[in-house]
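K.L.:
Sequences are here, hints too, so could you generate the full structure?
There are 2 protein chains.
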Amino acid sequence: MFDVFIEYLQSKLTITDAEVEMVKQICRLKKLRKKQYLLQEGDVWRYNAFVQKGLLRTYRVDNKGQEHVIQFSAENWWSGDRYSYLTETPARYNIEAIEDCDIVLITKVDYENLLEAIPALNTFVRHLVERSFIASQNRINADISFTAEEKYNDFVTTHPALLNRIPQHMIASYLGLTPETLSRVRSKR
Amino acid sequence: MFDVFIEYLQSKLTITDAEVEMVKQICRLKKLRKKQYLLQEGDVWRYNAFVQKGLLRTYRVDNKGQEHVIQFSAENWWSGDRYSYLTETPARYNIEAIEDCDIVLITKVDYENLLEAIPALNTFVRHLVERSFIASQNRINADISFTAEEKYNDFVTTHPALLNRIPQHMIASYLGLTPETLSRVRSKR
DNA sequence: CGATTCTTTGAAAACAGTCAATCTGTGTGG
DNA sequence: CCACACAGATTGACTGTTTTCAAAGAATCG
Chain A
124 MFDVFIEYLQ
134 SKLTITDAEV
144 EMVKQICRLK
154 KLRKKQYLLQ
164 EGDVWRYNAF
174 VQKGLLRTYR
184 VDNKGQEHVI
194 QFSAENWWSG
204 DRYSYLTETP
214 ARYNIEAIED
224 CDIVLITKVD
234 YENLLEAIPA
244 LNTFVRHLVE
254 RSFIASQNRI
264 NADISFTAEE
274 KYNDFVTTHP
284 ALLNRIPQHM
294 IASYLGLTPE
304 TLSRVRSKR
Chain B
124 MFDVFIEYLQ
134 SKLTITDAEV
144 EMVKQICRLK
154 KLRKKQYLLQ
164 EGDVWRYNAF
174 VQKGLLRTYR
184 VDNKGQEHVI
194 QFSAENWWSG
204 DRYSYLTETP
214 ARYNIEAIED
224 CDIVLITKVD
234 YENLLEAIPA
244 LNTFVRHLVE
254 RSFIASQNRI
264 NADISFTAEE
274 KYNDFVTTHP
284 ALLNRIPQHM
294 IASYLGLTPE
304 TLSRVRSKR
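Residue numbers (our numbering), protein chains in the order written: chain A, 124 to 312; chain B, 124 to 312.
None of these hints come from the bench; they were simulated from the model. Please note: incorrect hints may appear among the correct ones.
[What the hints assert, rightly or not] Quick look at which bits of chain B chain A covers, simulated, 3 or more residues with Cβ under 8 Å: (1) 242-249; (2) 264-277.
[Claimed, not checked] Straight line, CA to CA, 27 Å or less: simulated DSS-like cross-link-like pairs of lysine-lysine: (3) K135/A with K231/B; (4) K187/A with K311/B; (5) K135/B with K231/A.
Glycine residues also receive a C-beta, built at the ideal position from the N, C-alpha and C atoms.
P.N.:
What follows is the structure in structure tokens.
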């Protein structure tokens, strides 16, 4: 049931059988069909979510009704609204399944306790978040300095595996472009 | 000598006198005059840097020779090239003093050992990096969905204290705009 | 299949960038 | 202390890229 998640942990750090048992105790599995929501704007996000299977998109709706994709989360990656989680305020993001998904959910309290109980996991998560931060900075760099064409080329080389699983207009949104512009960029290659 | 840093730690977490001593042992102070560099592209970044006083800018030079500001770091904040630090490869960023600075440096080995020795610090740093990540996502959101005017207004409300300490052309660069465009945006307010 | 969603294409408009010149303010050295 | 140099900011005219609006083609899914 949580096999993918447990294997992920074992591949990333040394963890005893007892600790694996602790983890399993606090995990909950959530299945999502395509187009269903893991989180909707206005709800408070109270979990840490690990994607065992499938693909999610996190997006925000601006005051003109336009959607902007903030993140994609595929298998073996994490999802959630960290700001809502941290402050326990209503989420400004929506998280929707692009494909049928298997998600592991751990509540905030269980998660924080778990990390205190397993120092190696605490350190692993710290390093994980640091790498996420590095990835964010790379994306910021692309956003502020690349042309439309460069943004797309960068996406293709950085996320080749996602390319054929995500509708083009969502990639456009992720890159801060209109679908029409992305279509034209692609036709020029 | 490290007073500001120690006070910062004490304000953020509970820490014993012995632990404070440990911290002091591994700290090194670096003073920078305005326009001096903390890190230059090509060098490997091997520290964690805490700004006690002053203001730094982290920027990258693109293949057309154009500078792009990735981050500003003022007092009571951290600086560094996390990617170079993590991978021990030559930095792609430059970090330059906008004002005279007092910087606390801790080497990678000392830092990692310290965090293992003080679990509360490990958790604090994890939360710190998580908040940095949230801030990055907010900036990405602005980059992909705001107009020039909205980007500047957002900067003004998010970083009011920095506004008068940073030359306008650097703010423009941070926002992904040309100095001319930012000047025109400002004249319209 | 039929309906819906997604992608492409075209033409016009808006926005931001470029280039060049001028203006402003600041700091330095004589 | 003044004059000058220099960096930074502003302004104008123009260019170019991206967006917008609209419509027509694909592709996908029930």
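K.L.:
For every hint, state whether the structure bears it out.
P.N.:
We went through each hint and held it up to the structure:
Check result for the stretch 242-249 of chain B against chain A: holds, 5 residues qualifying (beta carbon to beta carbon below 8 Å, three or more required). Residue count for the stretch 264-277 of chain B with a Cβ under 8 Å from a Cβ of chain A: 4. That meets the three needed, and the coverage hint holds. Among the hinted pairs, K135/A with K231/B is consistent with the structure: their alpha-carbon atoms are about 21 Å apart, no more than 27 Å. The straight-line distance between the Cα atoms of K187/A and K311/B is roughly 22 Å, inside the 27 Å bound, and the hint therefore holds.
Taken as a hint, the K135/B and K231/A pair is honoured in the structure, with Cα atoms around 21 Å apart against an allowance of 27 Å.
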